[in-house]
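Guided by the hints, dock chains B and C onto chain A, whose structure is given.
As given, the protein sequences belong to chains A, B and C, one line each in that order. Per this note's numbering, the first sequence starts with residue -1, numbered consecutively. Per this note's numbering, the second sequence starts with residue 17, numbered consecutively. Per this note's numbering, the third sequence starts with residue 40, numbered consecutively.
Simulated from the structure, these hints should not be mistaken for laboratory data. Every residue gets a Cβ at the ideal spot worked out from N, C-alpha and C, and that includes glycine. Just so you know, not all the hints are guaranteed correct.
Computed, partial: chain B to chain A, Cβ under 8 angstroms [what the hints assert, rightly or not]:
id, residue
1, Met17
2, Pro36
3, Glu57
4, Ser87
Reference listing, derived: stretches of chain A covered by chain C, where coverage requires no fewer than 3 residues with Cβ under 8 angstroms from a Cβ of chain C [said to hold, decoys possible]:
id, stretch
5, 181 to 189
6, 200 to 212
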Amino acid sequence: MLAFEMERPRSLASAAEILEKHGSQAMVKAGGTDVLVWMRKHAVHPEVLVDLSEIPELKGISFYPHRGIKIGALATVNETAENEDVKRCYPALRDACLSHSDVLIRNKATVLGNICASVPSGDLIPAFAVHEAVLHVFGPGGERDIFFSDFITGPRKNSLMPGEIVVSATLPFPGERSAGCYLKLARRNALDLAQVGVACLAVDGEAGRTYRIACGAVAPRPVRATGAEKILEGVTAPGDDLLDRAGKAAAEASNPITDVRASREYRLSMVDELTKRAVALCAERLQGGRAS
Amino acid sequence: MKRDVHFILNGKPVTFSVEPRTTLLRALREYGVTSVKRGCEEGECGTCTVVIDDLAQKSCMVLALEAEGKSVLTVEGLVGPKGELHPIQQAFVDEGAIQCGFCTPGMIMSAYAFLRKTPDPTEEEIRVALAGNLCRCTGYIPIFRAVHKAAAVMRELGHIPGRAR
Amino acid sequence: MKQTVTKNGIGAWTERKYDVEKAAGTLAFTDDLRFGPELLHARAVRSTVAHGEILSIDFSEALKVKGVVKVVTGKDFVHRFGLYLMDRTPMAIGKVRYMGEPVALVIAESEEAAEEGMLKVTAKYRELPPIFDPVKAATDNSVLVHPELETYDHVDFITPFPGTNIGNWFRIRRGDVDKAFSEAEYIVEEAVNCPQIAHGFLEPHCCICREDPATGDLTIWSTAQSAFALRDIVSKGLKYPLSKIRVIAPPIGGGFGGKAGMTVEALCLAGAMNPDVRGRPVKLYIPREEVLLTSWVRQAYVAKIKLGIDKDGKIIAIRNTFYFDTGISAEYGANPVRSAGYSSTGCYYIPNVWTDSYAVYTNKPFGGAYRGFGLPELMGAMEVVIDIAARKVGMDPIEFRLKNILKPGLPTCTGMPMNNHALDTIVGKVVDRIRLNEKEPATRKGWVRGKGFALALKAPAMPADAASSAIVKILGDGTVEVLAATMDMGQGAYTAYSQMVSEELGIPIEKIRCPYPDTQSHPYDWQTVASRSCWSMGMAVKRAASDARQKLLALYAEYWQVEPESITIEHGIVKCRKKGKAEPIDEHIQSGFPMPDGNYKGGPVIGTGSFVPPDVIYPDAETGQSPKSVVHFTVGAVGIDVEVDPATGAVEVNKVSAGYDVGKAISPVNVKGQIEGGTVQGISAGLMEGMYYDEHGKLLTPDFTDYKIATALDVPPDLDAFWEETPEELSPYGNRGVGEHSMISPAPAMDNALFDALGIRIHSYPLGRERVYKAIQAKKKGETDLWEYPYALEQSYKNAIKEWK
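The shape of chain A in the complex, shown without the other chains (with noise of 0.2 angstroms):
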């Protein structure tokens, strides 16, 4: 690892002084988990590393009743997975939370700073995508709100401007009858990075049910199968024709590549197939009048 100073802000005000000053030579970490391994790869060089594990207002997780779960930068992935509201509101979340890597990993990684890495295999990714996430931003130009499905713009790419650092993110409350899920596919049973990850959040609204389908490790930008989704609109029960349409539809909404993880033809038929087992899984948990 080449050498860079680090600076550990004990505020937000006071980090946005650091970045501004150094601008596009520093860069943020929260866990590090990421950061520390491309610096160690010399995929990135930054001369002031700045920590943000000390800055108190990024830390914990609060849940607003009917509002929401509001998850801070530091919120670690095991925090957030143990979390009682996340347990219970946020199944989606907690499955990509226990997906991730291993438990030694979770304690230190945090669940925004696998967002903000925006690489696409990232398992917390399709689960912020369900959970149509908003992410609070502070920056030079103070404070702002992005839309998750506006926030990571290509591989390893999002559209914090510099300076600007995710704060926390929140997650509305997906209802009292909602039902969710994260299935992940890699080469081993644990710490892997996912081959084809896919998230459904089931939600029985007053307009009858809904669900929401983000797939990840399949395309630069995470994606929500929207078609899927409209396919299976208003069905509690869907059948294994309804599925498979559904699976087939994600699929074309996907765009894989092939590497040494997996193929894309194998990428696409494992984006089809955990569409369709989630979809199942998400109505089969409601069907059982099991909310989440």
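Relative to the frame of chain A, chains B and C by itself:
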């Protein structure tokens, strides 16, 4: 530029002078705590696992400066004042859970953090807890046996959660 | 009369040596040694092309980095090294032969400075066409990886072919295969392939070298399995006197063959022996992502096997063609090629044999020793082909195997009689324990289940004159020091030796120590490889311990004025019941005994023992025949019960049963450990492991991010490890080699289980999820076999969509 970092290492206050790029792994090793092994230095093997404020962490994924004010426990810190092994260490010895010994310190630290939180684990819970620590020699099976055994011994001895030993 | 009594002799379940230090974290591995501020650090600069002439190497910018002391290149250190064939230079000289080959070495005051310097070195190349496909390389000489092959020294028992890419060609010619094939009722001809496999030891290579500037004496501290072989290879490569080289081998964090012979040490010496550096210790730590680019891995292979079977199901002829992809060096890889060749009828008696086993050079990182040494490759193919053949003949695969089994006394393919074994008992137990003949429903919804079986066999693969020696010293406090230069890399050799010494001396194992190897203090041992140590070094240790016992008994006999036969040693106490004597061993044993005649006699009691296999004869170069080609074979069997998710290709192992005829389990805790650990390593290799390259020869799986090995969640819930004990005649206690065998056959057993589950035959390892899924899809289209040629993958990779536009 080197800076000082102060933390508690195995129960004793220490000050290291480190560069910002120095990982906790490298800093501990430089200091002489060499149970913390360099297996990959990219978070993929677990041989550098330590316990920081009750959480098992891969010390290659922690910058030394981040340890400021924290409590860091390594496998050396589990050994009692008269050289007696911790029940987890003893169980690893008794069950043939050690072969080359390179993954052992990290594996024991993962097991330690896990058993403090989960004193009566299932087999599946043990496997999940140790999934971040690779072992190439034993096939893990004797390690699972050792963790089960250590858990039983610790429950019997009344190892109190929240205390180092 | 047995004159020694101990609780922890041969066969006892004991605590393992050094486990307490390992658990406490206090055992120092090579990277843990400290050398003070004089220590320099080295880092390799690596080629960016797979094959090319080096036009220039510019390191002027590197020398400007603060802390960089020196940059050396291949031209500064022109020496060839190799265990069997001297085809390897630690850095490329004039020409690079694989992407990632070291072209320069940056030496600096700190690891960080060396790393910064490494990034500043640039090299220019004139690219040459590379060759990656071993079958093509073997048959088409348009690209030669080693045009200079003719000039390389090699041992007599390997056969390189200059002017080709063949680094070794091992042959067996017995009987008349053509005639037998023409008479056969059934002909089965099949092929199997597998990519390179990595050892995955958790401790990367690390080496520290220092040259004494006054005497030229070299000291090497290294992660070495074999201190003496390393010394020998360095001595021959440098043309340096053996006596001026000292190798110190601290404990190593896993070897599996990956730290045998000489691996990274010459590269470190290129730094330490440089005139500008000499005198200062130089440390070369290989970062994980460079391990597979610096030392060897298991060779990839393409194996073709043709069987001729008569109407009764007897195999009457076999024709084998094995292409081992040895990468750019066959210095070690030439021998697994031979090992597979001289075992090439597997566990079966086949009268007519034709085998060609080739080590083929390609422009890839190189192949060498890996647990199993040619046999996981051979059996990975053989046990699959046998399964196919049984079905073609219409016989139950177990019945077919038993019908053709290599019973004790029958000739192996090299003509030597098979040793005693209990393979039939083992087969019976494995079949029962996984209920091989019972079709059981899957335990997971929507999954399918299958069971598979494979036999295993292996002999220690080593030169005929692989010798061992040991020294047993009885110290003045009644403890014992055993100098045996085996590397205990986790397999438990020192525990086993302590048990042997305890057995021979009646001293409890707590009082027995085995220090790690140092060529300066230890007597010679060839290598810690080949599952040979408890057998070969075991002979030496047993002889040394009984030598010490004879000396001790003679001294006490004179001291007490009794017959030596009336003395016993019980739990460390020397007794003569007839005279009512019972004394703990004390300092008389080192200082001498005051004898009744008034004189002192004795002095330090030291036992010595040496051993070399007395009767091994190299197979004839033309026919491969020999009255005794190897010292013995250890045999065994594996049964696997798996389930497959047909919608994703995911495979989960329900149960494994694995048994081997170990002759005698000296140390049961370690025998169990070897079987359990090797079985999981074999399952891991079979299910998920392989090294992959892009079309330019760039390794895509250099580290644990993409070279995946089994985690705690990939291990079967039920692993039944067992052994039988049919004693070996020439052996310290009847024991045979057992270290490697468990790694050999889990993969083919899994392949057979997948066939049972899916009804399609997969001919390519590993049996990863994507490949299994592909097989399931192929089956739906009516295919019966899935064959994916590893190098065709490179071609398809070339045309794949690899990046988003």
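Outcome of the hint check:
The interface hint given for B/Met17 holds, since its Cβ lies 7 angstroms from the closest Cβ of chain A, which is under the 8 angstroms cut-off. Of the supplied interface hints, the one on B/Pro36 holds, with its beta-carbon coming within about 4 angstroms of a beta-carbon of chain A, less than 8 angstroms. Interface hint at B/Glu57: satisfied, since its Cβ lies 6 angstroms from the closest Cβ of chain A, which is below the 8 angstroms cut-off. For B/Ser87, the interface hint is violated, the least distance from its beta-carbon to any beta-carbon of chain A being 14 angstroms, above 8 angstroms.
Beta-carbon proximity to chain C at under 8 angstroms applies to 6 residues in the stretch 181 to 189 of chain A; the threshold of 3 is reached and the given coverage holds. With 0 residues having a Cβ less than 8 angstroms from any Cβ of chain C, the stretch 200 to 212 of chain A misses the three-residue criterion, and the hint is violated.
Hints 4 and 6 from the earlier list are contradicted by this structure; the remaining hints agree with it.
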